[in-house]
Amino acid sequence: MSQVGPGLRATAYVETEKLNNPKDRRPVEPGAAPPVVEDSGISRWVPALAIVVLWVVAWVLTKGTHTLDLPSLSRTDLHDRLTEIQNGLLESRSTNPFMQFTNAIADVFRSTVDWFQRLLSKPAFPRPVPQIGWLGVTAIATYVGLVVAGWRIALLVVASFLSFGVLGYWDPSMDTLIVVLISVLLAIIIGMPLAVWIGTSARANAVVTVFLDLMQTMPTFVYLLPIVLFFGIGTSAAVVATLIYSLPPIIRIAGFGIREVPTTTIEATDSSGQTYWQRLFKVQLPMARKTIIVGLNQTTLAALSMATLASFVDGPGLGKPVLQGLRVNDVGTAFVPGVLIVVMAVMLDRTTTAASERSERIARGGGHANPLQRRIVVLGGAVVALVAVYLSRTYVSLAEFPTYGIGRSISTAVSDFVSWITTNFGGVTGGLKDGVTDWLLNPVQSVLAESPWYVSFLGIAALALVFGGMRALAVCVVCLLGIRYLDLWHDAMITLNMTLVATVLVMALALVFGVWMARDRRVDLGIRPLLDAGQTIPPFVYLIPVLALFGPSRFTAIVAGIVYAAPAAIKLVADGVKGVSPTTIEAGRSTGQTTWQEITKVQLPMAKGSLVLATNQGLLYVLSMTVIGGLVGAGALGFDVVYGFSRSEAWGKGAAAGLTIVLLGVMLDRITRAAADVRRDDGPGTRRAFNVRLPIGPPGT
Amino acid sequence: MTAALSVDSLWKIFGPRSDKIIGTPDAELSRADLKAKTGNVVGVKDVSFDVAPGEVFVVMGLSGSGKSTLVRLLTRLIEPTSGSVQLGGVDITSASEGQLRDVRRKQVSMVFQHFGLLPHRQVIDNVAYGLEVRGVPKKERRAKASEIVDLVGLDGYEKSYPDQLSGGMQQRVGLARALAGDPEMLLFDEPFSALDPLIRRDMQNEVIRLHRELGKTMVFITHDLAEALKLGDRIMILRDGAIVQIGTPDEVVARPADDYVKDFVSEVPKAHVLTLKWVMREPRPGEAMDGPTLPVTTVVRQAARAAIASDAPIRVMDGDTMVGVVDEEDIMRVVVAEEEA
Ligand SMILES: Nc1ncnc2c1ncn2[C@@H]1O[C@H](COP(=O)(O)OP(=O)(O)OP(=O)(O)O)[C@@H](O)[C@H]1O
Ligand SMILES: [Mg+2]
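As you go down the protein sequences, you meet chains L and Z in turn. Residue 200 is where the first sequence starts when you use the numbering used here, and the numbers rise one by one after that. Residue 94 is where the second sequence starts when you use the numbering used here, and the numbers rise one by one after that.
Heads up, some of the hints might be wrong.
Unchecked claim - Below, simulated DSSO-like cross-link-like pairs (lysine-lysine); rule was C-alpha separation at most 30 Å, straight line: (1) Z:K237 with Z:K252; (2) Z:K113 with Z:K130; (3) Z:K231 with Z:K199; (4) L:K481 with Z:K232; (5) Z:K252 with Z:K231; (6) Z:K199 with Z:K370; (7) Z:K199 with Z:K237; (8) Z:K130 with L:K481; (9) L:K519 with L:K481; (10) Z:K355 with Z:K323; (11) Z:K252 with Z:K232; (12) Z:K237 with L:K481; (13) Z:K232 with Z:K199; (14) Z:K252 with Z:K323; (15) Z:K231 with L:K489; (16) Z:K128 with L:K481; (17) L:K489 with Z:K252; (18) L:K489 with L:K800; (19) L:K800 with L:K777; (20) L:K481 with Z:K231; (21) Z:K128 with Z:K323.
Said to hold, decoys possible - Not everything, but these chain Z residues come out facing chain L in the computed CB check (under 10 Å): (22) Y222; (23) A236; (24) K237.
Said to hold, decoys possible - Footprint (simulated), chain L over chain Z, 3 or more residues, beta carbon under 8 Å: (25) 165-177; (26) 191-203; (27) 370-377.
Source of the hints: derived by calculation from the structure; they are not laboratory data. Backbone N, C-alpha and C fix where the C-beta goes; we use that ideal spot for every residue, glycine too.
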């Protein structure tokens, strides 16, 4: 991947320095070549439109033939061969060294989780209750919140933990936290050395980034199938999936923080004669601390979202009741655990963010006015927590959370509310659903999926060439050939269609709200916290309200995808438009342009890099959601995967669907990236943004 | 006396296969041509010079002429492509990592244009950093650091954090950090170009004061000729990575080696820089030889008053021997030439 060379940054620096300090203007060595001006040529939309027109003509002439439609419950030979491979691997479990290795790891994870569960959430034989009861756990968590982040966060932690118990989901909540905790600890242990490596070596960065990109292009869901194969279902699969999914953010973001430590500082301290380790521990890590904690925050949230999704492979925790509810289309049941997942996300997010802010304050000397008071709080809190642990071990009522009926009443109320909505507003939501389905979803789908496969193949490849150039074309052809080989072409086109339609809608939202936010500070202040909150919620949870409104259908998956992807895209567009230099805008205004001209002729073109990046992110987010949407009637590839989980003879088809999803993701990612690179006049902005691409979206700032 | 620093045909070429270029005809190409032909950029091209102990040696050149590269090569913050650097008796170019660390800890310190301070440490701990990496115990290094903080005029700011200080104060911290290890040599890479002119003058005077008080050898990089003339015992001018001229300030102004240097020095007020050495002449026959005497190192401007006051030409003395004379007209020629320029 292309890097922004230090040269570019240095040039920018010299520029600003000159502006700020005209006296310091220095002559430049004569003979330096002027920058090359590249002709961006005609707009790419003209040939793109031509291709679409040709495609539609071909569709009209040939529609319905060679579509490779495969009925949803049938399989091909390839799928059965994959299933056989799986069976073979499972049979060789005791002889194949790799399987033995993964099984051993799985055992370690299982027993670790089990140990924690007996500590926190399930009876520790011979005790009828866990080692530490709810009071002790809540006290310890609160104490941690108090020490790392202050008393406000401590209050938030108490409230969250009490809500887990009061709403009747204490044990699943603890299970989710256990999986998150173990995965995050492992992610730190594995991720930090890698972060240091990519932060200090450009070559390592290039290599590792390729892998991270691939990992982050893959929709969450897709990890699960191979993991189940090698680690079995249940807690071990949940931990492995969560670990893998939560690794990239810490590696990427912490590595970025380390790399961004100014060269001058490194040189200055190197010239004092420091060793490698002194440089690392006294300079690089402390200076990157804030970014590292941002990485930790993102890793924690990623872990939570995967830990809930792992209920698909029978992982323990809050995801399970949500999944049960969604499976039978029972919003009431899914609602309360869904809310608790959100509560947990907010708690984890706020705690890590506050911890980062606090550590930054302390590092800057704004720490504790009164060290003695701090010591009393730390020691006193520890004593209180220990007493609470002791009490919770002694009294059963403090060990087992008392049962309240609130959770159940809320479920019932929600169910009633949903049926009330359906009866009263069914017309409105149904109309919306039918409108989008009839006017957008179906027409595009029929062109994509009802054309002969080779027509769609050529059409997609031609568009890739137009938007992304030769490199994108090459990747695209490889991906399409792979998809064709996997025998799920028709389903792939349907999923692709849902993804494209949802992304178009996401971009429409992103343009409207992004531009509005960029032009009006008050709007920004009002909306941004909502978007930040939206980004902390695990995707799984989005399905619940959407399902309540629209019932199971393709449209539901699309709406969930839009809701999931929109915050990131809106923020990217807003930041991109806001990044347009005020001087340029003033210069434009001085020519007397209208507001509309200002937006369309200055702000949007100059923010093109951000728009492309927002599209890229939108596509990947939406893709991962449309797949999860297989659960709520979206059909196509998502359904194939879900079906593969549930029926052992369909494992091969599920795996093929998973691979197809990966190929789709890689294809969409590469085309949009290449599109960002084709236009040199975008400047380094896009590519730079891609380099620091964050998995869940930029950290809330 | 042996040189404090001795650099011998030092090269630095950036880019792929840079080691394959030296010694081939490609090495003779201009920087632009080499870049076009091989993609390599010459940073420093066949540079040799010596610096005497206690000397202030200034390196000058326009942006991109290779000054920063050169100064980083001296302590191998950048690996040289070829050539050698001797520093305080150690061959830097072949030193092991441990030896190199030792040299950096005890013999040379560096001051940087953008300070390079650690934002998460108080001033005192920034200053003590060099001692800390050597393993000096906390109490001792803080005591030493606080002495140095006083020396650079920052007493009272020990507990501040870098971002609470102005640019000039931050650079004083940078200076203090360099001084704390009591090195024999200081390297400055454009230390004052990020500061505004008044502060810059203060800091220049500070360096002159410290040099007088501590007598350290200094290599000072700048792109500002006035600064070079003010501080330097000798000045080296670089262009495209290669040496154009090495000489004392008055030599450089009086006898620029080529048009490049001439252009550089054209705006210098010559009467402020040139000494009598460059304007004196042989006495003409019959000229009165009873005028006042002045040492040959006197700057022209300072000699002007005496020359106007006296009817007889001034006798220019090198120690006890007369080496030439100057009269009012000789001096006016320098001053007027300048005004016409
Ligand atoms: N790491 C590098 N890779 C490639 N080229 C480099 C590198 N560092 C410096 N150069 C090139 O070497 C040349 C000399 O750079 P250097 O930084 O030494 O100049 P300088 O005289 O210090 O300029 P300035 O006054 O702007 O600081 C420049 O042409 C620069 O582009
Ligand atoms: Mg420089």
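Here is how each hint holds up against the structure:
This hinted pair checks out: K237 (chain Z) and K252 (chain Z) have alpha carbons roughly 15 Å apart, not beyond 30 Å. Proposed proximity of K113 (chain Z) and K130 (chain Z) is supported: the alpha carbons are some 13 Å apart, at most 30 Å. Distance check on the hinted pair: K231 (chain Z) and K199 (chain Z) sit about 18 Å apart at the alpha-carbon level, within 30 Å; holds. A threshold of 30 Å between alpha carbons decides the hint, and for K481 (chain L) with K232 (chain Z) the separation of about 18 Å falls inside it, so the pair holds.
Simply put, K252 (chain Z) and K231 (chain Z) have alpha-carbon atoms about 15 Å apart, close enough for the 30 Å limit, and the pair holds. Restraint check: the Cα-Cα separation between K199 (chain Z) and K370 (chain Z) comes to about 40 Å, which exceeds 30 Å; the hinted pair is violated. Restraint check for K199 (chain Z) and K237 (chain Z): the C-alpha separation of about 15 Å stays at or below 30 Å, so the hint holds. Using a Cα cut-off of 30 Å, the hinted pair K130 (chain Z) and K481 (chain L) is violated, with the two alpha carbons roughly 43 Å apart.
As the CA atoms of K519 (chain L) and K481 (chain L) are separated by approximately 45 Å, the hinted pair breaks the 30 Å bound. Under the criterion of a C-alpha separation no larger than 30 Å, the hint pairing K355 (chain Z) with K323 (chain Z) is consistent with the structure, at around 18 Å. The straight-line distance between the Cα atoms of K252 (chain Z) and K232 (chain Z) is roughly 15 Å, inside the 30 Å bound, and the hint therefore holds. Between K237 (chain Z) and K481 (chain L) the CA atoms are separated by roughly 20 Å; this keeps the pair inside 30 Å, and the hint holds.
Between K232 (chain Z) and K199 (chain Z), the direct Cα distance comes to roughly 19 Å. Compliance with the 30 Å bound is thereby established for this hinted pair. Taken as a hint, the K252 (chain Z) and K323 (chain Z) pair is broken in the structure, with Cα atoms around 34 Å apart against an allowance of 30 Å. Of the pairs offered as hints, the one joining K231 (chain Z) and K489 (chain L) holds, with about 26 Å between alpha carbons and a cut-off of 30 Å not exceeded. A threshold of 30 Å between alpha carbons decides the hint, and for K128 (chain Z) with K481 (chain L) the separation of about 38 Å lies outside it, so the pair is violated.
Between K489 (chain L) and K252 (chain Z) the alpha-carbon distance is near 22 Å, which keeps this suggested pair within the 30 Å criterion. Our distance criterion of 30 Å between C-alpha atoms is broken by K489 (chain L) and K800 (chain L), whose separation comes to about 38 Å. As the CA atoms of K800 (chain L) and K777 (chain L) are separated by approximately 15 Å, the hinted pair is consistent with the 30 Å bound. This hinted pair checks out: K481 (chain L) and K231 (chain Z) have alpha carbons roughly 15 Å apart, not beyond 30 Å.
About 36 Å separates the Cα atoms of K128 (chain Z) and K323 (chain Z), which puts this hinted pair outside 30 Å; it is violated. Against a cut-off of 10 Å between C-beta atoms, the interface hint on Y222 (chain Z) holds, since the closest Cβ of chain L lies about 6 Å away. Hint status for A236 (chain Z) relative to chain L: violated, with the closest Cβ pair at about 18 Å, above 10 Å. Because the closest C-beta pair between K237 (chain Z) and chain L is about 14 Å apart, greater than 10 Å, the hint is violated.
Judged by the Cβ-Cβ criterion of 8 Å, the region 165-177 of chain Z is covered by chain L as claimed, because 3 of its residues qualify and three suffice. Against chain L, the region 191-203 of chain Z contributes 10 residues with a C-beta closer than 8 Å to a partner C-beta. That satisfies the three-residue criterion, and the hint holds. Using a Cβ-Cβ cut-off of 8 Å, 0 residues of the region 370-377 of chain Z lie near chain L, which falls short of the minimum of three, so the contact claim is violated.
When each numbered hint is compared with the structure, violations occur for hints 6, 8, 9, 14, 16, 18, 21, 23, 24 and 27.
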